[in-house]
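Asks: Those sequence lines, one after another, are chains A and B.
Numbered by the working numbering, the letters in the first sequence go through residues 1 to 493 in order.
Numbered by the working numbering, the letters in the second sequence go through residues 1 to 356 in order.
Calculated directly from the structure, the hints in this document are not laboratory data.
Treat the hints with caution; some may be incorrect.
[To be verified] Which residues of chain A face chain B? A partial, calculated answer using Cβ under 8 Å:
no.: 1; residue: A10
no.: 2; residue: L14
no.: 3; residue: A18
no.: 4; residue: L311
no.: 5; residue: I313
no.: 6; residue: S351
no.: 7; residue: L434
no.: 8; residue: R460
no.: 9; residue: L463
no.: 10; residue: S471
no.: 11; residue: F475
no.: 12; residue: I479
[Claimed, not checked] Incomplete in silico selection of chain A near chain B, CB under 8 Å:
no.: 13; residue: I80
no.: 14; residue: C81
no.: 15; residue: F483
Beta carbons are placed, not taken as given, at the ideal position from N, Cα and C, and that holds for glycine.
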Amino acid sequence: MTFTSLAFVAFFILVSAAFYVLPRKARWPLLLISSSYFYMAFVPKYILILFALIAIDYCMARMIENSEGHLRRVYLAVSICATVGILFVFKYFNFFNANFTLLAHVLHWNYSISSLRLILPLGLSFHTFQSLSYVIEVFRGAYPSERNLGVYALYVLFFPQLIAGPIERPQHLLSQLQRLEEVVFDMSAIWSGLRIMAWGFFKKLVIADRLAASVDYIYAHSETATGLSILAAIVFFAFQLYADFSGYSDIARGAAKVLGIDLVRNFDRPYFSTSIAEFWRRWHMSLSNWFRDYFYYPLARTRAHATRLWLSICIITTFAVTGLWHGAGWTYISMGLLFGIYIALGAATKSWRERYTKMAGLTARPGIHRTLQQMQTFALVSCTWVFFRSPDMHTAFMLFRDLLTRWNISPVTVVHDYFLAPYSTLGFGRSELLLSGLGIFTLLLYEYWKGKAGHEIFIRLPLAVRSFTYSALIFSIVILGVFTTKQFIYFQF
Amino acid sequence: MRRRLTAFGAILLGIIAALVLMEGVLRLTDSQSNSNIVEDQESGLLTYSPNKIFTSGGTCFENSVSINNMGFHGPPVMHAKKKGVFRIVVVGSSFVEGLQVPVEDMFTTRLQDELNSLPNRRFEYEVVPIGFSGNGTYLDLLYFARFGLPLKPDLVLDLATEYDLARNVSDTAHPLRYDISGNVTIAYSRPSESMFGRIKNIARYSHLIVNLYGKYQMFRQSLSALLHGSPFGSQIVQAPNEAADNGLLWTTEAKIIPAFINEVKDSHANLIFASWSTSHGTEATKDSLHSHFSDLAQADGFTYIDLAPSIATQEQNSGLSAVWTCDAHWSVAGHRYAAAALFEYLSTHPVLIGLR
Numbered sequence: 001m002t003f004t005s006l007a008f009v010a011f012f013i014l015v016s017a018a019f020y021v022l023p024r025k026a027r028w029p030l031l032l033i034s035s036s037y038f039y040m041a042f043v044p045k046y047i048l049i050l051f052a053l054i055a056i057d058y059c060m061a062r063m064i065e066n067s068e069g070h071l072r073r074v075y076l077a078v079s080i081c082a083t084v085g086i087l088f089v090f091k092y093f094n095f096f097n098a099n100f101t102l103l104a105h106v107l108h109w110n111y112s113i114s115s116l117r118l119i120l121p122l123g124l125s126f127h128t129f130q131s132l133s134y135v136i137e138v139f140r141g142a143y144p145s146e147r148n149l150g151v152y153a154l155y156v157l158f159f160p161q162l163i164a165g166p167i168e169r170p171q172h173l174l175s176q177l178q179r180l181e182e183v184v185f186d187m188s189a190i191w192s193g194l195r196i197m198a199w200g201f202f203k204k205l206v207i208a209d210r211l212a213a214s215v216d217y218i219y220a221h222s223e224t225a226t227g228l229s230i231l232a233a234i235v236f237f238a239f240q241l242y243a244d245f246s247g248y249s250d251i252a253r254g255a256a257k258v259l260g261i262d263l264v265r266n267f268d269r270p271y272f273s274t275s276i277a278e279f280w281r282r283w284h285m286s287l288s289n290w291f292r293d294y295f296y297y298p299l300a301r302t303r304a305h306a307t308r309l310w311l312s313i314c315i316i317t318t319f320a321v322t323g324l325w326h327g328a329g330w331t332y333i334s335m336g337l338l339f340g341i342y343i344a345l346g347a348a349t350k351s352w353r354e355r356y357t358k359m360a361g362l363t364a365r366p367g368i369h370r371t372l373q374q375m376q377t378f379a380l381v382s383c384t385w386v387f388f389r390s391p392d393m394h395t396a397f398m399l400f401r402d403l404l405t406r407w408n409i410s411p412v413t414v415v416h417d418y419f420l421a422p423y424s425t426l427g428f429g430r431s432e433l434l435l436s437g438l439g440i441f442t443l444l445l446y447e448y449w450k451g452k453a454g455h456e457i458f459i460r461l462p463l464a465v466r467s468f469t470y471s472a473l474i475f476s477i478v479i480l481g482v483f484t485t486k487q488f489i490y491f492q493f
Numbered sequence: 001m002r003r004r005l006t007a008f009g010a011i012l013l014g015i016i017a018a019l020v021l022m023e024g025v026l027r028l029t030d031s032q033s034n035s036n037i038v039e040d041q042e043s044g045l046l047t048y049s050p051n052k053i054f055t056s057g058g059t060c061f062e063n064s065v066s067i068n069n070m071g072f073h074g075p076p077v078m079h080a081k082k083k084g085v086f087r088i089v090v091v092g093s094s095f096v097e098g099l100q101v102p103v104e105d106m107f108t109t110r111l112q113d114e115l116n117s118l119p120n121r122r123f124e125y126e127v128v129p130i131g132f133s134g135n136g137t138y139l140d141l142l143y144f145a146r147f148g149l150p151l152k153p154d155l156v157l158d159l160a161t162e163y164d165l166a167r168n169v170s171d172t173a174h175p176l177r178y179d180i181s182g183n184v185t186i187a188y189s190r191p192s193e194s195m196f197g198r199i200k201n202i203a204r205y206s207h208l209i210v211n212l213y214g215k216y217q218m219f220r221q222s223l224s225a226l227l228h229g230s231p232f233g234s235q236i237v238q239a240p241n242e243a244a245d246n247g248l249l250w251t252t253e254a255k256i257i258p259a260f261i262n263e264v265k266d267s268h269a270n271l272i273f274a275s276w277s278t279s280h281g282t283e284a285t286k287d288s289l290h291s292h293f294s295d296l297a298q299a300d301g302f303t304y305i306d307l308a309p310s311i312a313t314q315e316q317n318s319g320l321s322a323v324w325t326c327d328a329h330w331s332v333a334g335h336r337y338a339a340a341a342l343f344e345y346l347s348t349h350p351v352l353i354g355l356r
């Protein structure tokens with residue numbers, strides 16, 4: 001039951017109506033049952049893995065709170081081992097096993113363990129990280145353990161953010177779930193939630209799924225694609241990924257808001273970032289914050305006197321693990337490593353770059369300077385996404401090679417092949433190209449405007465303009481949306 | 001009260017402005033062919049504007065469609081049949097129309113080329129496609145009577161899918177007409193005379209209405225899949241297509257075919273029915289089309305060709321799919337397979353193409 005299906009629309013309307021109509025005490029059981037059903041609508045038996053995860057972490061958190069001394073650490077270790085163990089078995093075992101087998105072959109070791117034939121349960125990386133944050137916060141004494149198993153289960157299973165986040169902390173989500181009975185029917189909050197959902201649907205159905213056709217086509221025909229086609233695929237994928245994932249997050253946030261629950265924001269106009277470090281403070285914020293708080297800080301603090309080199313090593317390691325979180329493959333690890341290297345290099349060359357900027361006279365022109373930084377950041381990010389999108393390292397390297405070498409095209413050919421009849425070069429027709437361009441323009445314009453005028457920009461507009469904007473948004477989704485059964489990209493994680 | 005009215009007016013104004021914007025965006029970007037459709041003054045049947053060229057596209061193909069002088073996708077047609085010409089008129093719906101491939105790749109063009117390459121031929125063969133999307137077999141009969149019969153064909157081929165059968169009973173703009181003896185008869189109902197027809201007529205000029213109608217159809221299919229699908233598991237549920245098994249459809253078809261035979265007989269031509277189960281059809285659909293059409297062919301004495309087995313074999317041998325990945329219609333390969341299947345049948349039954 002993907003968010004863009006009719007089944008979800010029917011499910012969401014029923015659950016929302018029941019939430020406000022049923023007695024308040026029935027709210028958490030209602031959400032727990034409906035969330036379990038939502039998950040089981042994909043593959044029913046996978047719910048057992050989640051139940052196991054919930055039972056282990058619930059018990060360990062209770063035991064951590066009720067014990068003292070080193071026993072607390074033992075329970076924490078048991079919880080982390082169990083949670084990470086489940087993730088490792090389902091997601092990483094085959095990857096590590098294959099690489100060990102390869103290494104053993106090179107070193108002539110006798111190693112042969114066959115691969116597991118398991119399918120990765122949907123959103124496993126998200127639930128495990130959300131469960132881990134709960135146990136760690138209880139261990140740190142920052143949050144009391146939850147007594148009600150049902151409410152804790154709802155914290156892990158809450159359907160809007162169950163499959164692809166945002167990854168919540170107990171202080172934010174669990175505390176709201178404990179007070180579900182206090183949620184009142186607030187029409188303005190419901191409207192606000194529906195607005196956020198509509199914007200999410202627009203990003204997914206009008207922009208992401210339309211661009212997907214071209215990106216898939218160019219990647220499938222990469223052996224014959226020209227440098228310009230590959231460049232188009234790189235730029236299109238950057239927007240596809242953003243529109244797809246932030247679209248999901250918006251639908252999740254909006255759906256939760258309708259039910260009176262605030263989820264954390266996952267994106268803050270990331271393609272307007274002026275550096276890679278800033279980009280990661282604005283992109284998939286719940287994951288970056290998780291790695292910052294539970295991985296980077298503890299790692300960096302293992303040395304009393306942290307040198308710049310040590311911090312750089314910590315940053316690169318953190319991003320390599322972030323890459324691995326996305327998927328069990330060298331492409332994801334390379335993506336993470338590259339982001340880590342950019343940030344480490346950015347910190348190391350900061351003073352040199354500031355001097356250069358001053359010499360070039362850019363400090364006197366902050367607007368131009370900012371735009372150049374944004375373009376440079378976008379270029380670096382988009383190129384790094386090539387590793388995210390490529391099925392293997394060989395394809396990624398070949399794409400970069402072809403991007404640099406296959407430019408033997410004339411201006412007349414460019415106009416004809418890329419604008420007038422773009423199917424054989426871009427994988428979709430002129431009308432799709434125009435609609436994609438319009439979609440990206442609308443996305444950037446809205447985000448630019450939001451950056452200038454704040455989040456609730458529409459509330460201050462005259463009624464006729466608001467009516468026009470919301471109608472145009474809804475009509476765009478219905479009329480221009482690409483209604484296929486394409487899943488959200490982050491569902492695979 | 002006045003404030004409320006002003007607010008209502010402002011909301012309405014916003015909605016209308018958004019609708020106008022959408023129509024503009026669709027006009028700027030829509031490659032669909034609906035604005036190129038015209039209504040035949042004599043019969044009220046729809047054709048394309050003659051001699052027009054427009055683009056037809058999906059996410060996996062783009063085609064420049066050349067409409068001929070008769071208003072159909074295909075090569076130009078000379079109304080007067082020259083001496084020594086053996087004319088085959090092919091009627092049907094979107095598979096005969098073939099908007100997804102160039103004229104030279106349409107199965108009708110390929111069939112014509114193959115027939116003209118026969119070593120022992122006595123005629124010059126002309127294969128004329130008269131296909132229009134959304135037609136059922138009753139509309140095929142009406143199109144044949146209006147556009148095909150004046151061409152004095154020697155052979156008439158009707159290509160039907162499971163959808164064509166279903167449309168005979170669902171098309172409210174062209175309901176079956178009967179004479180006093182209860183036989184199906186040819187009677188044109190001008191679409192613009194009925195409410196549905198009027199809406200359809202206006203819709204041709206609005207990309208927005210055409211688009212919304214398409215989305216409504218999609219919604220109905222999704223709703224049907226939702227109501228009939230399993231509540232658990234995420235398998236994509238195909239819209240149920242029981243068309244080929246529905247008794248009403250076949251009793252209707254059994255009434256249409258004798259009328260078709262009579263109409264063709266008047267022109268001293270032979271009639272062939274060919275069937276193809278679309279990629280939406282199940283194995284049961286294929287079997288049902290085959291068995292029902294075989295029974296009707298035996299009862300009414302017409303020739304029947306099931307294209308499905310030959311196309312499936314050719315698909316398997318070449319490894320190329322007969323349909324586009326983004327569209328259920330035939331790809332260039334699909335048209336090639338269909339032409340080969342028909343050519344194989346006709347060349348082994350020379351009497352049908354005037355060779356004996």
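Asks: Report the numbers of all earlier hints that the structure fails to satisfy, in ascending order.
Replies: Those not satisfied are hints 2, 3, 4, 5, 6, 8, 13, 14.
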